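Q: Protein sequences, first through last, are from chains A and B. Number 65 in our numbering belongs to position 65 of the first sequence; there are no gaps in the numbering. Number 363 in our numbering belongs to position 363 of the second sequence; there are no gaps in the numbering.
It should be emphasised that the hints constitute simulated quantities derived from the structure, not laboratory data. Hints may be right or wrong, so weigh each one.
[To be verified] Which chain A residues face chain B? A few, computed with CB under 7 Å, are given here:
#1 F10
#2 I20
#3 T29
#4 R36
#5 S37
#6 M59
#7 C61
#8 G66
#9 P73
#10 N140
#11 F204
#12 W208
None of these values were measured; they are calculated from a predicted model. C-beta: ideal position from N, C-alpha, C; glycine also.
Chain by chain, the residues run as shown.
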Amino acid sequence: MLTKSAAKTFFLGGTALCSIAFVLLTMDTLAQFPDRSNQENMTPAVVRGNHIWTKNNCMGCHTLMGEGAYYAPELTKVMDRRSPEWIAEFLKDPERMYPGRRKMVKYDMFDPAEVGAEEAKKNVDDIVAFFTWVGEIDLNGFPAEPDLAQAPRAQAVDVAPSSNLAKAPVYFSTVCIGCHSVGGQGGQVGPALDGVASRLDAEFMRKWISDPQSVKADTTMPDLGLEGDDLEAILDYLATLKE
Amino acid sequence: MQYKSQKIAWYFFAACMGLFGLQLIYGFILGFDRMGYDVLHDWIPFNTARATHTNLLVVWMLTGFMGAAYYIIPQESGRELWSTRLAWIQYYSLLLVGVVAVVGYHFNIWEGRKFLEIPRPLDYLVVVNVLAFLLNLFMTIWKGKNKSTTAMVLFFGLLMAALLYLPGMYTFDNIVHDSYFRWWVVHLWVEGVWELIMGAILSFLLIKLTGVDREIIEKWLYIIVGFTFLSGILGTGHHYYYTGAPGYWLMVGGIFSALEPLAFLGMALYAIAMARRGGRNHPNKLALMWTIGCAVMSFVGAGFLGFAHTLPQVNIWTHGTLVTAMHGHMAFWGAYAMLILAMITYVLPEMTGRKLFKGWVPEWAFWLSNIGMIAMTGAFAVMGVAQVYMERKSGMDFLEVQESLEVHAFGLVLAASLFTLGIVLFIRNFCAYGRPNDEVLEA
Ligand code: HEM
Ligand code: HEM
Ligand SMILES: [Fe+2]
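Next up, chain A with everything else stripped away, as it sits in the complex (with noise of 0.2 Å):
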């Protein structure tokens, strides 16, 4: 039978042997970080959106490379389905974009009417790099594709030239284009706005638009504060949109 001295032997021996292999594995692991994160793509923007990542903990609610918490969606991706300015706006109000639902911190930084337009702009951009650089790096292939995929997911609408979309005013097409689609491109939160113009009537989408809170209470469509040209801009667009 095993005496207590070669047991010792068994643990010591295991112990350093595997503390080897693993420091051995770490270099070469160290080694290769630069290229498989690309870290020549580490502009100085990224690497101020990293700081913004971990100053607010925001792994405290989402998880990011699959780290982090559960409570909020997992953002490695966020580029292929989010806009640069979709996320301006999210961020400028999470609450706005997602009345009534599960809530994110609203974060003064991002907000131009707390810091001025040029800080949140700033601040946007960071973060918008940093996500840009982690949705590049080599992960092994997670996030894996559903391989039982019937919804279709969110995505980033790429703007074919020809479609009626490349018409739209880029708020439209970037931020509005989150929930609504046009012809077929686009998100599923909110109905298809194709022939939207024949179903309703101008000063009806004025209202609604500008404040569709005051039109229908408990709506999900977001108060996006929008006013003058930017307003004009996308009525006019939406008045095109016939059956």
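Using the hints provided, position chain B with the ligands relative to the given structure of chain A.
A: Here is chain B with the ligands on its own, set in the frame of chain A:
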């Protein structure tokens, strides 16, 4: 209890009880958030509640390990603690650091890396604190009459835990790099050196409670911790599959982490075998119940449920979902929470001289908490598996899936209430014992 200075352990355990209670309150905040009742969002958003929940967990566990060490090391070394004063300083400063860190989380002051949220300046204080703790133990062992294997393994485990805290203090601008070393702390703690601490405390308890010969128990201790390191060190690879590390980790991590449950299985069989073999009829049956319970539940939570998602083919779907939360709860509960509660159940009569070995309060504490935790694990499992199928495999929208799981979050909160009732009874029992006193010192 043989030495006056061992009494300090009681204060560490009392702090444990308080921090544990607070951890559960934050657990409920998380549970209600998940049910859709996030009324506290403006003051305590989810990330604050979560960081507080998990950090309080880690702090109360470290406090518990320290209490256990302050009891075990003098006993095993055959002398008083080297410096009681240092132990007191260490006690208050540890609690202060813990409380300051947790308060900071409520004001968006943290480092934003899961489990290692403590901001840098406080990290340094933790290091100084732990150095003081280790120095105290080291001097006690050094000057002691005997250097038992149990004491050495415990000390070595605590020392390694302290050393492995250091890689977590580095931050890198490249998150791939950052995450690589974060696991040196998180994984190599719970699936490496903490298991050493666990093995040593279990051995101590089994020696005391079963009366089996020390030589036999300690021999098996070496074999089990040998298996722990053999599988656990390279098993770190199960966190490197999909976080930017090279592809060979799928193979290395997959094979070695699949062996990790063996160490937990070994621990469970060993505890049961020693308890059956033991001739001694120790009156503290409850302590034995917690000891065996710890060994068994750690196999279920860490070994079995860990194995369930450790192969890369499975992990690609479950990585970063509520399946992980399911495993995390039962593993921490079985391996480390129950271990500390076992130790407390053993030392209370020894320290206070009151022999409250029977009674419904401590018995119900055991059963309610365990049944509650099993039910909580079930609720997390349902949510986790549903999330994997709906969101990951079928591509449904994240929020839609989460909203459809709110009803199971209600189940989670119900189960958690049962669990919490058990813990409240445990704390009540703790209070019933009162403070330690010198009259019980054995000659
Ligand atoms: C007492 C021992 C253990 C404890 C306390 C524990 C706890 C945890 C925790 C808290 C996490 C989440 C970590 C994070 O995301 O930051 C985790 C992840 C994980 N654990 Fe364990 N664990 C233990 C043992 C094991 C064992 C023995 C195995 C394998 C057989 C295992 C397999 C895993 C895997 C694969 C993950 C990653 C899940 C993911 O990809 O999201 N664990 N564990
Ligand atoms: C009142 C009872 C409890 C409730 C309601 C509760 C609930 C929760 C919730 C909702 C999360 C967050 C999961 C997410 O990211 O969405 C969490 C995280 C966590 N809790 Fe608890 N918890 C309770 C007790 C405990 C206990 C007793 C332990 C340890 C023994 C524990 C250990 C953990 C750990 C380790 C995590 C992080 C898990 C991970 O990152 O995978 N909790 N808890
Ligand atoms: Fe692990």
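Q: All hints, please: hold or fail.
A: So, going through the hints one by one against the coordinates:
Contact between A:F10 and chain B, as hinted, is supported at the beta carbon level, the nearest pair being about 5 Å apart and thus within 7 Å. For A:I20, the interface hint is violated, the least distance from its beta-carbon to any beta-carbon of chain B being 10 Å, above 7 Å. For A:T29, the interface hint holds, since its Cβ comes within 7 Å of a Cβ in chain B; the closest pair sits about 5 Å apart. A distance limit of 7 Å between C-beta atoms decides the matter here; for A:R36 the minimum to chain B is near 6 Å, and the interface restraint holds.
Hint status for A:S37: holds, given a least beta-carbon distance of 5 Å to chain B, under 7 Å. Interface hint at A:M59: satisfied, since its Cβ lies 6 Å from the closest Cβ of chain B, which is below the 7 Å cut-off. At about 5 Å, the closest approach between the beta carbon of A:C61 and any beta carbon in chain B falls short of 7 Å, and the interface hint on this residue holds. Using the Cβ-Cβ criterion of 7 Å, the hint placing A:G66 at the interface with chain B is satisfied: the shortest such distance is roughly 3 Å.
Here the hint on A:P73 is kept, as its CB sits about 4 Å from the closest CB of chain B, short of 7 Å. Because the closest C-beta pair between A:N140 and chain B is about 5 Å apart, less than 7 Å, the hint holds. Taking 7 Å as the C-beta contact cut-off toward chain B, the hint placing A:F204 at the interface is violated, the least distance being around 28 Å. Residue-level restraint check for A:W208 is violated (minimum Cβ-Cβ distance to chain B is 23 Å; threshold 7 Å).
The structure does not agree with the numbered hints 2, 11, 12 stated previously, though it agrees with the rest.
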